[in-house]
Amino acid sequence: MLKERKCGVAVIGGGPAGLAAAISAHEVGCRDVVLIERDRLLGGILNQCIHDGFGLHRFGEAMTGPEYAQRDIDRFNELGIEAMTESMVMELKEDRTLLVSRRGEMIRLRADAVVLAMGCRERPRGALSIPGTRPSGIYTAGAAQNFVNLSNLMPGKKVCILGSGDIGLIMARRMTLEGAEVKAVFELLPYSSGLPRNIQQCLNDYGISLYLSTTVTGIVGEDRLEAVQVSKVDERRRPIPGTEQTFECDTLLLSVGLIPENELTRMAGIAIDPVTNGAVVDDDFMTSVPGIFSCGNVLHVHDLVDWVSLEAAEAGKRAAAWAKGDREGAAGIAVRHGNGVRYTMPARVSGGKDVSIAFRVGAPDRNRYLVVTADGREIVRQKRIRLHPAVMEHLTVKAADLKGCSALEVSVQ
Amino acid sequence: MSTAYDIAIVGGGVVGCAIARELSKFTCRVCLLERELDVSLGTSCRNSGVLHSGINYKPGTLRARLAVRGNAMMDELCRDLKVKIKRIGKLTVALEKDDMPGLERIYEQGKANGAPGLEIIGPERMRSIQPDVEGIAALWSPSSSIISPYGLTIALAENAKANGVDLRLGWGVTGVEVLPEGRGFAVKNARGETVTAKLLINVAGLFAAAICEMAGIHDYHIYPCRGEYYVLDKRLDGSLRTLIYPTPNPKNPGLGIHLTPTVDGNILIGPSADYQDSPTWTGNCAPTMAQLREEGLKLLPDIRISDYIRNFAGLRAKQTPPEVGGNADFVVEDRADVPGFINVLGIESPGLTSSPAIAEMVRDMVKAHLPLLPDPSFNGVRPGSDLLFSERSPEERAAMIADDPDYGEMICRCESVSKREVLDALNNPLGAKTFVSLKYRSRVSMGRCQGGFCIPRIARLLYEEFGWKWEDFVDHSEGSRMFAGKVLNGGEH
Amino acid sequence: MSEHREYTCVVCPNGCALQVEVSEGEKPQFISATGNLCPRGLAWAKQEVENPLRTISTNVLVTGGSLPVVSVRTLDAIPLAQVKAVRESLKQIVLKAPLHIGQVIADCPAGVPCRVAVTRNVPAVG
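Residue numbers (our numbering), protein chains in the order written: chain A, 1 to 413; chain B, 1001 to 1493; chain C, 2001 to 2126.
Take the hints with a grain of salt, since some may be wrong.
What the simulated footprint calls covered on chain C by chain A, stretch by stretch (three residues with Cβ under 8 Å from a Cβ of chain A suffice, anywhere in the stretch; the number is not a length) [stated by the list, open to error]:
| id | segment |
| --- | --- |
| 1 | 2017 to 2028 |
| 2 | 2103 to 2111 |
With beta-carbon atoms standing in for the labels, derived distance ranges [claimed, not checked]:
| id | chain 1 | residue 1 | chain 2 | residue 2 | range |
| --- | --- | --- | --- | --- | --- |
| 3 | A | M267 | B | R1087 | 26 to 34 Å |
| 4 | B | P1394 | A | D354 | 42 to 50 Å |
| 5 | B | T1320 | C | K2084 | 44 to 52 Å |
Keep in mind that the hints were calculated from the coordinates and are not lab data.
Don't be surprised by glycine CBs; every beta carbon is placed ideally from N, CA and C.
The shape of chain A in the complex, shown without the other chains (with noise of 0.2 Å):
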């Protein structure tokens, strides 16, 4: 009953990064790929971002995120991979064994090679802890943007949104188009994460506030959500007493970061960084279990697509280069986050080749120096005008560079 079926690279995901892992897989020789996406179409999170504003590096063109998917699975349907669509992976294994659910069947695929590129979900409500009632109404932004772009449907008409993050932002944006009227915007940090670009054309070209250093404490409505109560937050991020304002809403939209989808990550038993929540992988972004490579969202949240078609190709092509049963050597070198610095991809390099380091500052700065050691010796210096975390930023790291070292260094100085 349960079929058996043999690959030489699974892809799980069917997003930007899972259609460039296997478009480049299928590049460099391996004719074996298979990518499993979960929804009806692919392109991911992308189907739903009908804002332009991807591909600027990649195709120097500022498309929306339809137009930027169409690319690739046009190269996709080109070279003829196959996709399983409507299936999803309920288990992956340490062996590379997936056991995938679809219409009809059940399959237990085995595999040379995976690749996780999964992406994120959204960090609901009760995470926050909101205090208050459970009235309908509150949405993810992300669940709200694909109510209005994809099903015609509109969440409601007075709206407030935690979180200044561009979805956050986008969606203040798209909901003031379509009639709603957007009350405000509230930021627990002092100041956005969002793209300044997105400042100006989703709050001030419609005069919506933005309220920084500000939280929802409470929620009012039983049956539909009529208000919600805010309060401005301390230096630790804790509400303070006595500021608290309410404002009148239906709906109330959360845009309070995204999680790396990795259950199936942990299910397999590879290791996760606690601070991207994405798996710690070395230079070929392979993981901790061998044959198992992670790319994109799920390995760590971008901001621009540009980077994980980027990533996810190299993802891909490494995925491929180990089902054909080419294995590099394992990658000793650590990548460590210094002064300044949140976190850094890879956790581990090689040496061998060149490689570029992502990375994202813990705070906005101005006129720093980003600087990667070797051992302490100083082996790249870049200013910088402006940090932000919101922008993950790259270095590159020659090979030469690496001979003989242990560890690198990423800081702001």
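Dock chains B and C against the given chain A, drawing on the hints supplied.
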């Protein structure tokens, strides 16, 4: 549906549904009137889901007797109704010598009440049950168990309906007229609809005193007392193999804040206890939430912030005001002053445990008024299984999928709920169509992402395949619409 | 009287932080700007102050397609002040599937010269 009944049960919580199911064994015509759009939506869906052993109640009280009897009835009931029950037992722990007299007291109390299998055990035996448990001794009560309280309520209601009970949802009682010449009662709702019944069984929970008032009985007042909870992620499943409670301290009545595993693999922290005026407000308050987090961490230091997935609160129907506190005994009475009015009031813990025993007691009260002839067509077995699809082996699942392709399509990713289960939940025998009705029957949206992934997909499923309109989507009540309209009008959908 | 504003230029990926002086009042006029690495930034800042231009993305109704609506975007920038009017006028359009990326479905919505194109392929069904 006819409007003349032998018996009208007011209240569709676990006790009301247990009574309905019990009475459906007979040929009398029974209706159950529930104010919400589904059963179990009051206190019955908002509690710890614990079946108590009987150690905590004073011998001779109704609570003591009905809890022990109800607990004993649960194996057969759950088997017939296909409700998951886990007999995980309980350790009531003495942390230090001063706790021992209290422990001995409840041991004796439990024995007097007939609680089965009680033993006082030492640290070695305690740790064989729960490896990291602290304490010098514990009372082991093997009959303490966990169950899904809304699962049991729904199962009782469905079986009652299958056996002929008229279940009227969205039927809030606004008036009770005592008919002359002992003809019974005429009960009406806000829409002006009326049903008549010879007997009225008042199981209205938080509104039981209000129903009494309508019938001219002024002896009672219900004081809602809120218990708040945290729901923890299934990552911690397995941390608690049994129930662990501290030895009761007479200075703090009630069982205190503790950790309870659920039958589905989550852990609950709670409940707190705060009196309030509203019989419907079930929100959470910041100071209480902080207290729950603090207590939770003390009991399970491994808890991370990412493990908190949801909060909820339930209201206890207390008979005593805040200045008195404590726990009054259950009221299960056949009123002499209003003949035919059977009053079941003040059912807080152990109400869930006692529910089938209360039903037996009420049945016997009914017998004094009406002849109860057994219905030969009664079938106490509910179709289906107590196992979730996701709990079956891959081979079993593959077989079920081959048989019914809808089992293969996943709708809720976090809880691995298939399209078939969502459709079954949608087509439930009670005709309940709220989102929480779907949730309580299939577990959609009860996982980590709390519906972020599945709600848009469920909306599309209902919209595209079942022709639902945007206004049909309600969360838990008529006033809790999920959408405000279409973005663009004039299209096909 | 002048007012000080900070803008992030969007002409190229450099994203220069511009310090802009504008006149106060209902219709602010561009006075001067610093922080730009090239003259395009100055031109952009002037435009942004006096007549901000925007591109918008929204949905249009579809019949006979696999989706009820199709995403579209303006290929040419339009004045911010006309965004609402343009969106309203697009509500009058109902497109028939199949639809292809790049298909222009309007070229002067609400009298504003601007091409509006489909951004998602929608196959026909049924």
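Going down the list of hints, with the structure as the test:
{"no.": "1", "hint": "2017 to 2028", "in the structure": "violated (count 1)"}
{"no.": "2", "hint": "2103 to 2111", "in the structure": "violated (count 0)"}
{"no.": "3", "hint": "A:M267 x B:R1087: 26 to 34 Å", "in the structure": "holds, 29 Å"}
{"no.": "4", "hint": "B:P1394 x A:D354: 42 to 50 Å", "in the structure": "holds, 44 Å"}
{"no.": "5", "hint": "B:T1320 x C:K2084: 44 to 52 Å", "in the structure": "violated, 60 Å"}
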